[in-house]
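Q: Here is what each chain is made of, one letter per residue.
Protein chains: 2
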Amino acid sequence: MSGSEPTRVLIGVNQSSIKGYPHASISSKGAFEWTLQKIVRDNIPGFKLLFLHVQVPDEDGFDDMDSIYASPEDFKSMKAKEKNKGLHLLEYFVQRCHEIGIACEAWIRKGDPQETVCQEVKRVKPDILVVGCRGLGPFQRVFVGTVSEFCVKHAECPVITIKRSAEETPQDPVDD
Amino acid sequence: MSGSEPTRVLIGVNQSSIKGYPHASISSKGAFEWTLQKIVRDNIPGFKLLFLHVQVPDEDGFDDMDSIYASPEDFKSMKAKEKNKGLHLLEYFVQRCHEIGIACEAWIRKGDPQETVCQEVKRVKPDILVVGCRGLGPFQRVFVGTVSEFCVKHAECPVITIKRSAEETPQDPVDD
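Line by line, the protein sequences are chains A and B.
Just so you know, we're using the numbering used here here: the first sequence kicks off at 900 and counts up by one.
Just so you know, we're using the numbering used here here: the second sequence kicks off at 900 and counts up by one.
Don't take every hint at face value.
Since the list gives no way to pick out one identical chain from another, each pair is judged satisfied if it fits inside one copy or across any two copies.
Quick list of in silico lysine to aspartate or glutamate cross-link-like pairs, EDC-like style, CA-CA up to 20 angstroms [said to hold, decoys possible]:
1) Lys928 - Glu1055
2) Lys1024 - Glu1014
3) Lys1021 - Glu904
4) Lys1024 - Glu932
5) Lys1009 - Glu981
6) Lys982 - Glu1004
Quick caveat, the hints were computed from the structure, so don't treat them as lab data.
Whenever a hint applies, use it, and build me the whole structure from the sequences.
A: Now the structure itself:
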């Protein structure tokens, strides 16, 4: 099977909800590291990782609530700032892939996360979609995020859902 | 990463609903072949496949509806027959694994499929659970089987759900 095309794994990544610091969420990092350790293993040439970050305009604009917009230029700078946060997030994953030597691609889309992920699956046709889930505290075992639940039902490819273990769950879910 | 333990993949398998012939369902075969092709690839020593077949007493007893039970012996022979059907199913997968040279284990449990699969995940602690889903005809795209949906929410490990493609869906769902 060595001569065949690599398995293309699309990983949906999002940033931590900790305000003001644009780093990858615990769930996203967990899903990525798990994929490397349990699926890719030492078969680096057999896989290609695709990272998709969906920016939710409302959510990503949160830090700009106190900003004052007086000219169209102000909006442009806000958009640039939002985009930079997304790029910073993707940079983390692309950097890790380059260290390991695994092929990768990363991009940003704007929109509703669950709809956008499924549209991108349709467009990019990955072999697998990997989605991490938040919210697995000791009292939330049965909860699986709505994005992952939607993707399991609607994405036109096999889906891996990775729940965060209780130990990795921050005290305050906002700190993911 | 070559020195580490193989990734243990638990695959839930069931038999075709075509009455009277105990072979693997299209969904089960699909999930198995997909796992080999897209996850295992040529990294045979990196993986171990575990096959779990959950026998539902009611369902598996269907062929015996017309039987007449006159003594405890009759029930024993029915149980043996049921068990044989399950063994025949597992034999198919174990045989394929031996051809490929991949390590495997297979076993049967009785009970409610979704509860039993999650209990076995808790007991066996696989790295991944793979579940196939039926019912993806052209008009049923959003349907994902209740067993897979339950496992995504409740199983204490990452879960891969594999929907059958429309082309693989038999005209009559009973023929899966």
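Q: Does the structure break any of the earlier hints, and which numbers would those be?
A: Structure breaks no hint.
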